[in-house]
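Chains A and B are the protein sequences, given in the same order.
Numbered according to the numbering used here, the first sequence spans residues 73 to 442.
Numbered according to the numbering used here, the second sequence spans residues 73 to 442.
Since the hints were derived computationally from the structure, they do not count as laboratory data.
A portion of the hints provided could be inaccurate.
Since the list can't tell identical chains apart, any single copy or any two copies may satisfy a pair.
To be verified - In the EDC-like style, the derived pairs of lysine to aspartate or glutamate whose C-alpha atoms are separated by at most 16 Å in a straight line are:
#1 K228 / D239
#2 K416 / D319
#3 K316 / D126
#4 K228 / E238
#5 K271 / D123
#6 K316 / D361
#7 K228 / E153
#8 K316 / D79
#9 K145 / E442
#10 K296 / D382
#11 K166 / D239
#12 K280 / E336
#13 K435 / E380
#14 K416 / E108
#15 K145 / E311
Only a predicted model underlies this, so the values are computations on that prediction, with no experimental measurement involved.
There are 2 protein chains.
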Amino acid sequence: MWTITHDDVTAIALGAGILGTGGGGNPYLGQLRMQELLRQGYSVQVMNLEDLPDDALVCEIGWMGAPTVGVEKLPRGNESEAVIAALEQYVGRKFDAIACSEIGGSNSIAPLEAGAQTGKPVIDADAMGRAFPEMQMSTLFIGGVSCNPSAMVDAKGNCIVFDHLEDSFKLEQYARPLCVQMGCTALLAIGAMSGAEVKRTSVRDTLKLAKQVGQAVLDARNTKASFSEAVLNITGGVELFTGKLVDVQRRTTAGFARGEMIIEGLGAHAGGFIHIAFQNENLVAWRGDRHTRQDVMACVPDLICLLESDTGEPITTEQLRYGLRVNVLAIPCTDKFRTPEALKVVGPAAFGYPDVVYSPLHKTPGQGIE
Amino acid sequence: MWTITHDDVTAIALGAGILGTGGGGNPYLGQLRMQELLRQGYSVQVMNLEDLPDDALVCEIGWMGAPTVGVEKLPRGNESEAVIAALEQYVGRKFDAIACSEIGGSNSIAPLEAGAQTGKPVIDADAMGRAFPEMQMSTLFIGGVSCNPSAMVDAKGNCIVFDHLEDSFKLEQYARPLCVQMGCTALLAIGAMSGAEVKRTSVRDTLKLAKQVGQAVLDARNTKASFSEAVLNITGGVELFTGKLVDVQRRTTAGFARGEMIIEGLGAHAGGFIHIAFQNENLVAWRGDRHTRQDVMACVPDLICLLESDTGEPITTEQLRYGLRVNVLAIPCTDKFRTPEALKVVGPAAFGYPDVVYSPLHKTPGQGIE
Numbered sequence: 073m074w075t076i077t078h079d080d081v082t083a084i085a086l087g088a089g090i091l092g093t094g095g096g097g098n099p100y101l102g103q104l105r106m107q108e109l110l111r112q113g114y115s116v117q118v119m120n121l122e123d124l125p126d127d128a129l130v131c132e133i134g135w136m137g138a139p140t141v142g143v144e145k146l147p148r149g150n151e152s153e154a155v156i157a158a159l160e161q162y163v164g165r166k167f168d169a170i171a172c173s174e175i176g177g178s179n180s181i182a183p184l185e186a187g188a189q190t191g192k193p194v195i196d197a198d199a200m201g202r203a204f205p206e207m208q209m210s211t212l213f214i215g216g217v218s219c220n221p222s223a224m225v226d227a228k229g230n231c232i233v234f235d236h237l238e239d240s241f242k243l244e245q246y247a248r249p250l251c252v253q254m255g256c257t258a259l260l261a262i263g264a265m266s267g268a269e270v271k272r273t274s275v276r277d278t279l280k281l282a283k284q285v286g287q288a289v290l291d292a293r294n295t296k297a298s299f300s301e302a303v304l305n306i307t308g309g310v311e312l313f314t315g316k317l318v319d320v321q322r323r324t325t326a327g328f329a330r331g332e333m334i335i336e337g338l339g340a341h342a343g344g345f346i347h348i349a350f351q352n353e354n355l356v357a358w359r360g361d362r363h364t365r366q367d368v369m370a371c372v373p374d375l376i377c378l379l380e381s382d383t384g385e386p387i388t389t390e391q392l393r394y395g396l397r398v399n400v401l402a403i404p405c406t407d408k409f410r411t412p413e414a415l416k417v418v419g420p421a422a423f424g425y426p427d428v429v430y431s432p433l434h435k436t437p438g439q440g441i442e
Numbered sequence: 073m074w075t076i077t078h079d080d081v082t083a084i085a086l087g088a089g090i091l092g093t094g095g096g097g098n099p100y101l102g103q104l105r106m107q108e109l110l111r112q113g114y115s116v117q118v119m120n121l122e123d124l125p126d127d128a129l130v131c132e133i134g135w136m137g138a139p140t141v142g143v144e145k146l147p148r149g150n151e152s153e154a155v156i157a158a159l160e161q162y163v164g165r166k167f168d169a170i171a172c173s174e175i176g177g178s179n180s181i182a183p184l185e186a187g188a189q190t191g192k193p194v195i196d197a198d199a200m201g202r203a204f205p206e207m208q209m210s211t212l213f214i215g216g217v218s219c220n221p222s223a224m225v226d227a228k229g230n231c232i233v234f235d236h237l238e239d240s241f242k243l244e245q246y247a248r249p250l251c252v253q254m255g256c257t258a259l260l261a262i263g264a265m266s267g268a269e270v271k272r273t274s275v276r277d278t279l280k281l282a283k284q285v286g287q288a289v290l291d292a293r294n295t296k297a298s299f300s301e302a303v304l305n306i307t308g309g310v311e312l313f314t315g316k317l318v319d320v321q322r323r324t325t326a327g328f329a330r331g332e333m334i335i336e337g338l339g340a341h342a343g344g345f346i347h348i349a350f351q352n353e354n355l356v357a358w359r360g361d362r363h364t365r366q367d368v369m370a371c372v373p374d375l376i377c378l379l380e381s382d383t384g385e386p387i388t389t390e391q392l393r394y395g396l397r398v399n400v401l402a403i404p405c406t407d408k409f410r411t412p413e414a415l416k417v418v419g420p421a422a423f424g425y426p427d428v429v430y431s432p433l434h435k436t437p438g439q440g441i442e
């Protein structure tokens, strides 16, 4: 168990922004909300995954929505209390702990806010080890944990309970258009899971990982060291490219921010171009020229992360704009996403790129995202 | 109390089809399902509104969806048991009786099926005295009854509970895109209402009315009498037009069947044309020529009903096709829809016709739809 501090939140938000691979919601806004809660005297404990009792009752907490909207439309502030209360009333039992659905982006902070507001510990683990745009893209659901029941609230206090759904694909299919009606942001409390299920299927220690990654970037700012090296030393992976954003096509459609960017090389990469497609998160990076995509450099489920070259700040897809100088990192994903069953859900074909073959980035066992 | 017979179902389905004003779902399919239940030995009691105890717990039952889809995609058959069970589990009490959300179309039969399958009596009243395309268009909600909580199921057993919604407009707004995801047909159990609320706000005796209207048409078939007169003798109102359908524009969009038809006059109306706009149900009828709408002949909330001239069969908007011979009737709606507050919800402006002024059809007190 450790108690979250103001500085932890700063580091987690920064690291989670990087692990968000362009999505997961703006982590800076989550940071401000959480630090305000700490200032008001709230506190939250983080529980190691191995300390979670097998018979504990756990739900996941996470926001759904388009990052382009989330950056403008702020939460009311009591959504996490409301959604947990609704799900507890439905289940007829209190939850013992809160799990994180997605360590990437602001969904790293959402469980901490919920923990602070409800007094429940937050488990140091998540269901992605990154951010992903759709609900079924989760190590828990891929691992056979049920998403039933779940609850969903909006800023106006409207609350909907998913009593029974066939599977997590239906949760995505039914919750997404509701989320659009709710103004493209909604908070979900998902599942009534046992501690044993969460332990078996989660990506472990990812709050710690986000904090380490964030702290490494903060340290590199002070020591003028390389941001890319600082991150990659912890996560593993490679720097794919450095350059300048020269084109962004983006639209907010069906509840997602979708599009493609083109980055022109600088320094050692001068004269080269890469293309990156995204759906909230960065999906596939290709080498190419200004107009043509050629060979794939990295793709989902591995992480493609953009850092602003001057500051090491993660760049989320809603912030993409002409002229940004960026370092593009590729980071190996959790092994739980590398099985054939998982790749059906989170591989490039699942995002509409059936021709892209997933070639796993090299990974050192015991390092990076486990 | 009366017990529904095979012949009652035939007459109710026919009458409800007429009261459906073009929508409410195909009543013939509901008739077949209900008569099959009766053949299997199920039975259902209809309770007069005045016999409902004030402290009874009541929910409404009704299908949501586009009639164009409902005519092809049949229910699984256990939806009403599932949705009532889900709502009872949520409320923590058993319902004492089932109310009808919409007497028009197949939603007249849905509560009877639910009553047969659950052994609960069905109240002889509804919330529209006709059919309407959207959830908030209800004498109950206009009268201040809450739609919370409600439950919604699809044919695959997916079940969603609306725990708390701001109002019935939100129920429409949130349930409609879910319904689209559910394949454009879903069954809802709405509210946990008291008997006193239902008595105060319902349109009374509408199952009896549908049965009388249907029986009158059946009798007119045997006696070769006028179908229009047979209906109007019971409901009040006027025959607006007789003619032939010469144009239909129709699209299934956002969960509705929307469009406009043109009818060319025959007999006494030869040379004339009328236009009728619809959204699942017929909304506004204008005089005009082939290309131009002129003065309004009738509009919502009054009923505009099409009978096939040869058989007296109601014509639903998904059945509209070139060449159909029709009698167009206009029937006065319930007084509960004629207040200024109600007209904001069910008047022509609410359907996108702000220039159409509602001029109530003449009504004889104590006759027709009360």
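For each hint, the structure was consulted:
In this assembly of identical chains, the alpha carbons of K228 and D239 lie at most 16 Å apart only when taken from different copies (11 Å versus 28 Å within one copy). For the homomeric pair K416 and D319, neither the shortest alpha-carbon distance inside one copy (31 Å) nor that between copies (48 Å) is at most 16 Å. In this assembly of identical chains, the alpha carbons of K316 and D126 never lie at most 16 Å apart, being 49 Å within a copy and 71 Å across copies at closest. For the homomeric pair K228 and E238, the shortest alpha-carbon distance between copies (8 Å) is at most 16 Å, but the shortest distance inside one copy (28 Å) is not.
Only within a single protomer do K271 and D123 lie at most 16 Å apart by alpha-carbon distance; the minimum there is 10 Å, versus 56 Å between protomers. For a Cα distance limit of 16 Å, the shortest separation of K316 from D361 inside one copy, 14 Å, qualifies, whereas the shortest one across copies, 63 Å, does not. For the homomeric pair K228 and E153, the shortest alpha-carbon distance inside one copy (13 Å) is at most 16 Å, but the shortest distance between copies (31 Å) is not. Within a single copy, K316 and D79 get their C-alpha atoms no closer than 31 Å, and across copies no closer than 76 Å, so neither meets the 16 Å cut-off.
Taking the shortest Cα distances, K145 and E442 never come within 16 Å of each other, neither inside one copy (34 Å) nor across copies (46 Å). In the homo-oligomer, the alpha carbons of K296 and D382 lie at most 16 Å apart inside one protomer (10 Å), although the nearest pairing across protomers, at 88 Å, exceeds that limit. In the homo-oligomer, the alpha carbons of K166 and D239 never lie at most 16 Å apart, since the shortest distance is 24 Å inside one protomer and 28 Å across protomers. Taking the shortest Cα distances, K280 and E336 never come within 16 Å of each other, neither inside one copy (34 Å) nor across copies (75 Å).
Taking the shortest Cα distances, K435 and E380 never come within 16 Å of each other, neither inside one copy (24 Å) nor across copies (72 Å). In the homo-oligomer, the alpha carbons of K416 and E108 never lie at most 16 Å apart, since the shortest distance is 41 Å inside one protomer and 43 Å across protomers. With identical chains, the CA atoms of K145 and E311 are never at most 16 Å apart, being 34 Å at best within one copy and 53 Å at best between copies.
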